Every structure is written in structure tokens, then in C-alpha cells.
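Chains as they are written, first to last, in UniProt numbering: chain A, 1 to 262; chain B, 1 to 262; chain C, 1 to 375; chain D, 1 to 375.
To be clear, the hints were calculated from the coordinates, so they are not data collected in a lab.
There may be inaccurate statements among the hints.
To be verified - As a list, the in silico DSS-like pairs of lysine-lysine whose alpha-carbon atoms are at most 25 Å apart:
no., chain 1, residue 1, chain 2, residue 2
1, C, 346, C, 319
2, C, 319, D, 319
3, A, 86, C, 51
4, C, 137, C, 173
5, D, 319, D, 346
6, D, 319, C, 173
7, D, 51, B, 86
Model, not experiment: these values are computed from the prediction.
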Amino acid sequence: MTPHHNRAFRLALVLPLGLLAGYFLLLLGGQAPYLNGSTLRAELSSSTLLDAIRLSLVSATIATLAALAFAVPAGYALARLNFPGKRLLDTLLDLPVVLTPVALGTLILMALNTPPGRFLHSLGLTLPFTVAGVIAAQFTVVVAMAVRMLKASFEEISPRYEQVARLLGCSAGGSFLRVTLPLARRGIIASFILCWARAIGEFGATVMVAGTARGQTATLPSSIYLAMSAADLSRAVVLILILILISFAVLFLVRLVGGRRP
Amino acid sequence: MTPHHNRAFRLALVLPLGLLAGYFLLLLGGQAPYLNGSTLRAELSSSTLLDAIRLSLVSATIATLAALAFAVPAGYALARLNFPGKRLLDTLLDLPVVLTPVALGTLILMALNTPPGRFLHSLGLTLPFTVAGVIAAQFTVVVAMAVRMLKASFEEISPRYEQVARLLGCSAGGSFLRVTLPLARRGIIASFILCWARAIGEFGATVMVAGTARGQTATLPSSIYLAMSAADLSRAVVLILILILISFAVLFLVRLVGGRRP
Amino acid sequence: MIRAEQLRIACGDFRLGPVDLSIPAGSYLTLLGPSGAGKTILLEALMGLLKPAAGRVLLNGEEMAAQPPERRNIAYLPQDLALFPHLSVQDNILFGSRVRRLDPAASRDRLAELVAMLDLEGPLTRRDISTLSGGEKQRVALARALLPNPQLLFLDEPHSALDAGITRQLQIKLRQINRELGVTILHVTHDQEEAFMLGGQIAVLIDGRLQQLGSSDEIYYGPANLSVARFLRHQNIFSLTVAERLPDGRMRLRGELDLVCASGRDLPVGTRVAVGIRNEEVTLIRPDRPVGDDLRDNLFAAVIVDIFGFGGYHTLVVKIRESPATIELNLPNCAFRDLGLGTGDKVRISLRARSLWVLPPDDGEPRGQHSYMEG
Amino acid sequence: MIRAEQLRIACGDFRLGPVDLSIPAGSYLTLLGPSGAGKTILLEALMGLLKPAAGRVLLNGEEMAAQPPERRNIAYLPQDLALFPHLSVQDNILFGSRVRRLDPAASRDRLAELVAMLDLEGPLTRRDISTLSGGEKQRVALARALLPNPQLLFLDEPHSALDAGITRQLQIKLRQINRELGVTILHVTHDQEEAFMLGGQIAVLIDGRLQQLGSSDEIYYGPANLSVARFLRHQNIFSLTVAERLPDGRMRLRGELDLVCASGRDLPVGTRVAVGIRNEEVTLIRPDRPVGDDLRDNLFAAVIVDIFGFGGYHTLVVKIRESPATIELNLPNCAFRDLGLGTGDKVRISLRARSLWVLPPDDGEPRGQHSYMEG
């Protein structure tokens, strides 16, 4: 902003930025040699690839919707209510954000062997090597992040709006539905998009819970792993291209909605 | 905050929060049956496990320090300077945050086959199945996140401090070193801790670039994967326990420093 | 109609109260205090947005502790107005009618009445409230608050972001709402000029305590204690001792100045007191004019040591001869020009005995707190 | 010593200028304007913190475009002060000495001098600046700014967060710094009372344009155009037409009021003009007193339609008989009490011919912009 930066200082700032940009451009461009029209067409007609795309889209959408169903009330409760143990709860919900997904996935598997896990199994819920397992893994990784984001969104909305709504005649629930929720709309949509992107990209927890069964539980990231294991570079490149396009679309949509950055 | 929430509304808010807390407590507690004192002692004296711990700590520290070396000037440049193409650059640096690490790892491998990659190889840098590969993977996943965090930290510091320092006689570089950097100290430390935690937990990119060679490139998350593949539950539990302890330590330190949340 | 009894509020480190306050139906009470005095917190407790630590709030004699804010029939205009940004101007104004499910025809009539009263014909058709000017936003928020026929209207520094001309118009509207619609108003402000201009009773809140309650003149000329005096910018405050009680009931005070004062307080000889007088009440005696009877008591020779211009008036700082005391006085510009005064000039000044206020120093007990009770 | 020539600044959507302004060495110039007028942006351009879109800044006759802020020897006190939170009070004050590598002994002497002048003996020993009071922070920031012996001191609304008493003390300190240390001061404020009180020249900036430059009295009684008049809260503004030029050089104006005025402007008969007068300059004729010579010209019978009290004075709104015009006038409380006036009372008022200002309406050309040039 300030003019009169001398050239050496400006260079010391801009050079690292330029090197980083060059590095990421190299990463994005390095796949080009492996890509051509005919392999692209061939891959895009492969049924296992289409299965992976379909599974990723469906599971990420379900997992994110389920996460928001919990995160909207939970985020609002953390933003507005005071109750004993709130700080402890807050820390507990930070943990899954910091813990590696591989560990989270393993913990899901182990939890299946507890009484509540066995009860769910008796109801017909099977997670290992199933689509339900993919969804459970993505939900677990994404839900704490969703609570964080929505808490921040609700905190940005001045409580004055709700107070004024109350004095105009709304109950607490009414002021939430009529005022807070509409005002948080952009934040909720942005959280959905970013959590969905995180779910689409989820690998560690998904692999641990549901494995990488081709055509069954192989999501897009798992399919890259499988393709590279089989040294099938052209398939890997097509999968990466799809994920890059999804990522750009996500960034574009988040800016359009005007939510906070990832 | 506001009193006079009716009971049903309060329940609708607190119930999802309670269910989430219960779920994560179940995940944390579900490992307990697999844990006892003797296996803990046995595992902690295993050299492959100690190798994994050592590798994770060393590689995450180097990768994070390298990332900050780029991210401090780059974040400051994005926060304060205006230059053509800044928005494009900003989007480019958002991409690695949204893209799945599996894809990033694969892109690193493919970039090794480009002219700059071959040039680095001729200098003796080998990434596949090496510790250097682990560090490169962690650096790549973490650096864009570090730029984001530091940009936010610098943006929180009012430019007035630098302006006043300039009028008191500082050059642009002098005001950065004497004023901005000390004021950003907490933000930089918090970014270091959070990026380090992310590097410790990194799995997708590391697996793709460096593999999971036991005792050589197997980090803590990779070791969990290996242990679960070999159905060695007690080792997996010990590894998870270590990662949970690291995560709690990270959360504690970030709060102590007073930085922003993960 | 609304009454606080021994109300105490704890909010973080801040403690407010105990406050006893009663606002009769139809009155206009201004709650005046510096920022941080707890004015907003007191409003919030009366509205049920904040749970008091102790004490009671009564509305029309009925205890309110169990009543949520939506059952208190109080209208609220917060400082930031909090117009709903996702609703049009008309939907904002009708919000209260819809959530209370009032009769739509009656609400339309009420809307038309408020639109006419508040000159909202133009703004009413706007879809986006962010296109309104500051003054229009104020009037829309006022219409929204008044639509459900509230008994009470609470205003929290509604004019702090507006320029002086628009503020004046809105102040006149508020007096009109109070008189014509019969709405009882509690108006919070930190602006002394605004508090005096609104013309009703004034309650002074400083450091979480209600320090004084009275009419504009009572508050302006007779501060209840030294913190009120300082907040109300009294510049001439002296620490003196009661030396003698005169036969006519007045007191002779001695110290850095020897003064006669006509305070109604019955203070024994020897009491240390704080004495003050408003700048405008200090009289500069024109050299060519005779000294009036009421100016003879506290007549001093003095020297001008500093002069400050303030646009419409000048403030002279004068040092009393044969005393260390300095006194400030204000002169309208026309008088200042006529007299042609400069620094170093010798003047005579008089402190009218009936214009002096007298307080025991460290007057712990706030005055007038109970003087404004109902009935 | 500092001069802006045809300075234009573009900052986002905001356009400032062209500004021509020159501040002679040793002077005290107040830059007065509403928030959003561009005051801070103008300061930043003069200091080299913002690159002007066009025009020049000269310091002691030298063009500054290539000089970074650290070479301009200007001290800056921003609104938020920007005391360095990671440094102790003493390290804050000595910051300029250290980065400029000034002689430590000389800096210590300067520090002692400033500490004495600004009463900083107590605060100087503090390690944590967050423990200082608002007024102490101001004085520490002032000491830090003054330590490297600046030629110029730029202040950006330094008192906006302080209470009235502390503000007064700091204003007196600033006048002392200007006179005793010989520092040229450019003081930005939106507070009219402060601008008039500081007593130097006043530059009025509204909507990114320098509207007027002159002494307190020139600005207060003779606004250069209608936007200055409105900003300075002129309440009595009438739109009239020049009807006749009288032999004594005065003008007769007709319209909603018939007035004689003594403007120095040479306006042809038929020109539409805006005419105004300050509330305090409107004279209420006491019924028992003879009408002075200078009050005979614009004498009107009127009826009081509204009365507002403002603590120290009252504002009367009167309607002129046989005219639609209303006029506001201020009365000191003592006069108001003596007269015992109420709404509906009949009074006589006079608008002194020499107190009226006259402007061609839509006066596009700001006045006085070049009247304050060096030498």
C-alpha cells in the first residue's frame, strides 16, 4: 500500500512469492506430457472411473449434508449459548480438525467394536468396505470443520438483530429462523462448499474404513492411488484433472458467495 | 447469551452438540480395549516405531520451517503490496489448500519428469522413496496453508504502526523488521504449530511421493496404515495415542500463544 | 409504569446498581452518562435481554422476571438500529405485525399513520435498506419499533452517527411521538446537549450507579456530587470550609476564595465543602455600569490570564487578585467584541450567591434517586 | 514551509482535490471537515504515505515526490496513536532517536525536556503501554513524535476518544508546543468547537475539496458557500433576490423576508442570493429598552413557536409576522430567565445588517483557497 518501498526490500518480499507461484505452476503443468485427447476420451468412457466420480459426488454430498445438519445447531449453540463445559466441548471439537484422518479412520473401525458400534451393526449398518463406510469417514473428517465454520459465521452476525426481533415479538426459536438463519445464508453455503471439497478430497480416513475396492468404495483420491500403484499414469492424470477442475469450481463458488476463505 | 430461551429450542440446539461430543468421545474411547501396559511398553521399545516417530518429528519440523521461510515474506507481500496479477496469484495459492493431497503428491512425482525436475535430480535430489520425498510432500501440502495464515496475521496488524515507524525514520524494510515482525510474533508461532501438526498428520501426498517403507519413509500416519494392513491393532493403538497426545499438545500450545483457531 | 427495584447487574467484570428507578406512563426520561457507565446494560436488563443478578423489574406493577422480552411490549432502537438487511423497508416495518399475527388491516392503517408522521413515503418503496440515508434508516427503525403499538420506547444513542441538522429533526419527532402517540420514552445518550434539549427528566448514570435524577435545570445547575459535576464539565470547583451561618440563612465560606452562598443545605460550621458555579453564571462587571444588588456579595478584582474562542462565545480564564484561584467564564461573542478584552486586562467579576452550588466533598450518597417515583 | 500544488488523490472511488494549500513555518492550521471528507487521505499524501494522482508536494521549496516518508521530517500522531505495544513507554518515545541513530546524549536531554513539558514522569517508567490512561497515551505518542525534532507535526483527530477535561489540557499543550518549540502544526478535526478553540487558521474540507481557508471569525461568521454553512450548522438561511443597491453601498434584498445587508460583494440587482445569520447574532429586543441605531434596519415582529433548552442557553424558534419565514435565535439562560418567555409570546427581533452573510446560491468556486499562501 505504502509507496517508497526500496527495491531490495520489495524483491525480498516478491521473490519468495514468485518462487512459490512458479512451483505450483510447475506442479499443475507437469502432468501435461501424460495427457492427450485420445487417452482422455478412453478414460472418460471407462466405467470404473465413472463409478469413482459418481461415488465421490454422492458420498461427499451426503456426508456434507449430514455434517451441516449437526453443525448448524451446534455452531449456533457454541456461538450464542453459555453452558457449563462449553470450553471443554470446544476443545473436543477442535481435536478431529488437528488429528490425522488416518487415525480418525482407524478410530472409527475400533469404535465399531464397542457396545454402541455393535448396536448399530445389529441394526444393519456395516461400515468396512461399504459405501456407508466412505460416507461415515468423510462425515467424521468434515463435521468438526463445519461446526468451526458455522460458529464463526454465527458469531459474525450481531446479536442485536435477534434482540430486536425478540422485542418485536419473536420467540428465541422464531428469531433464529426468521432473522439469524437468513442472515447466515452465505456463510452456510460457503461452509457447505468448502466441507464438500474437503470430503471429495478425503483419503486417509476413507482408506482405513472402507478400503479402495475398485468400482465399489474407490473414491476419486483412492482411484489415483490405485492408478499410480498400477503405473497407469494416463488414468491418474485424468483423475487429477477432474479434481483440479472441481477445486477451481469450489474456489470460484466460494468467492461468488462471498464467504470466508478456506 | 440472551435468557428466556424456551426449553424445546434450547434442546434443539444442545442435542446435536451433545450427540457430536458423544460420537467423538466414543471414537477416543473405542481404542481402550486394545491397550494395556505391557503392549505399550513392548511397542515403545520397537525400533521401527521409534524410527517412525523420529522421521515424523524431523521431517515435519524441516518442512514447516521451509514453508515459513517462504510464507512470511509471501504472506506479508499479499497483505500489504499491490501488484498486477495479485488476485490470480492469490487463487493459485488457494488451490493446494483445496486440492486433495493424493493429487498433490502425484503432481510432485510427475513434475520430477519436467526439465526443472530433471535439473534438480542432476544435482542429486531424489524424492521417490526417500526422506527428502517425505519432506517435499509435507512442504507442498503445508506451504499454501502457511501463506494463508500469515497473510491473515499481517492483515490484522494495522498499517498505522508501519506508517508511524516510517515517519519516525524507518525505511520500509526497517519498519517491517522493527515493528511488524515483532507484532506478528504470536501469529507466526501459531502458524508454525498448526502447520507442523498438519505436516505430522500428512498421509496422502507422503504415500504417493515417498511410499511407506518401514523404517525409512514410514511416518506416523503411514505406520498406522501399515499396522492396520498387518492387523497389528496394538501397534496401531499406540501410534494413534501418540498422535492424539501431539494433537492435544498442539491445541494447548495454540491457545497459549493466543493465535487463531485451526 | 416501568420500575426497577434494587436492580443489580453483573456482566463480566462490570457491576451495575443497585438501581432504583421508576418511569411514569407518558414521560420522557433521558439516561445520561459517559460511555462505559452501563447505560446499555441497564436497558438490556429492563427489556429482559440480560438476567439481573438481583432486584426486580416491574411493568405496570407486574413482576417481569419470568417474562421473556417478546412479552414486555417494549420497542427498542439500538445504536446500530439493526434493520434486517434481508428484508425490504416495508417488510422491516411490518415485521412486528407479522410475528405477532396482528390484524393485517389494522397494521396497514398503523403503517400509513407512521409513514405520514415520519415522512417515509419515499423510503417505503425501497427493497434494499442499504440504499437508505442515515436519517431515513433512523426513521424506518423508528416506524418498525412503533408499529406494534408499544407502551414504552427505549432508544440507545440513536443519533450518534448522524449530522447535527438531521439529529435536530429526529429529536423533534421523538418529542412528538412522546406527546402525540403517548409513548413513554427512555432515551439513552452520552451527549449532554441532547439530554438538556430533549427537555424531560434526566437520570445521570456514572460508573454503574444512578447518581442523580431531576429536571434539566436541577441537573445543569446543581450536580448531586463531584463525579456528576466533572462529567457535566463544571470548570469552576473550589474546596472551601463553612465559616459562619448568616442570619438570613446563607453561609459564609472561606478557603482559597471567601464566598457567601445561598445553599439550602444545613451544614455545620467547619464542614469542608466543594463549591462550584457554571461558566455562564459568572458575571463580568462592565466598568461603566453600576453593580447590581445581587452582585455585591462575591465581587472580586481579577486579571485575564487566557482567552479561548469557541465560535459563538469566548471563554476567559481570570486569576482572582490576592488569591491563588482561577475562574473560567463565558462571554457571548457580541459582548466580547464590545468590551475589547485582551490577556492581562484587569476586570471585576461576581459570583452570584444563588448561582453557587455546595456539596460536602466525597458525597457518597447519590441525590434525587428516589425523587422521581410513581404517583 | 509545506505546500501542496494542484494536489489530486484517487483512493478507491474517492477523489480528492485539486488542493492548493500552503502552511507557513510556525503556524497552526486546523483542517476541519465532516468524516469522509478526505482529511486523513490529504495528510497521508503530504506525508508520502499515499502517492498523489497529480500535483506536487513541496517541503521548504523542495519537490517531495521522490522522498520517502522517513526523509520528510514530519511527526505524525494518527487517530489510534499506534503506540508500539511490544515496546516500553521509554522505548516508544526513543524509537525515532534509535532508528535515526541520533546522538544518545542529545536524545536523553530532549527526552528529559519533553517528559517535563508533557508531565510524563510517572508514565515514563511503565513497561506495558496498555496500562496507560487515554490521556497518558496521547502524551506519550506526542513525546515520541516530537523527540526527533520534527519541523512539522500532523495530528489526526487526536482527541476523539478522550473526555472533555483531558481534551482541554491537551489542546493547551498543543498550543504551547506550537509557540514554545516552534513546531508547525497541521491539526485534523471534525469537531468545530475544537477548531475554533485552537485559534489559528482554519481550512474547511468537504467532499474532497478545500472549501474555505481563513481565521476563526471569518469561517464562523462568513461561510464561503452553502455546504460550509450547512456543515457549520447555520440554522437561519434564506433565499432572496437583490432588489436595490442603496447609496451607502448596502443592498436591499427581497423574498420571504425583506432585508438590508452590508455585504462587501458587488452583486447586480436581480441576482438570487442565499443570506444567513448566526443564531447568537439575532437580537431579541427587550420590550422595555429603546432600539439601538444598528438594530433599526431589519426589525421584525414575531411569535415564539418553539423553545429548546440546551443547559447553558435556550434556542427560540420564532415565526416572523406577515412572512412564512422562521428564525432561530439563542438566548443565554440568565436572559431567558429574566424575560420569562413562553411559546406563543410576541417578541421583536432584529437581524443586524453587518451580521448577515450573503452568497450567490450554487456558489461553485470555493473562496479563500489561495489567501493563505506563503510570504
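Verification of the hints:
1. 346(C) with 319(C): Distance of about 10 Å is within 25 Å: holds.
2. 319(C) with 319(D): Violated, at about 43 Å.
3. 86(A) with 51(C): OK: residue 86(A) and residue 51(C) at ~20 Å, within 25 Å.
4. 137(C) with 173(C): Given that 25 Å is the threshold and the Cα spacing comes to 14 Å, the pair holds.
5. 319(D) with 346(D): Given that 25 Å is the threshold and the Cα spacing comes to 10 Å, the pair holds.
6. 319(D) with 173(C): It holds: about 19 Å lies between the C-alpha atoms, which stays within 25 Å.
7. 51(D) with 86(B): holds (19 Å)
Violated hint for the displayed structure: number 2, the only one.
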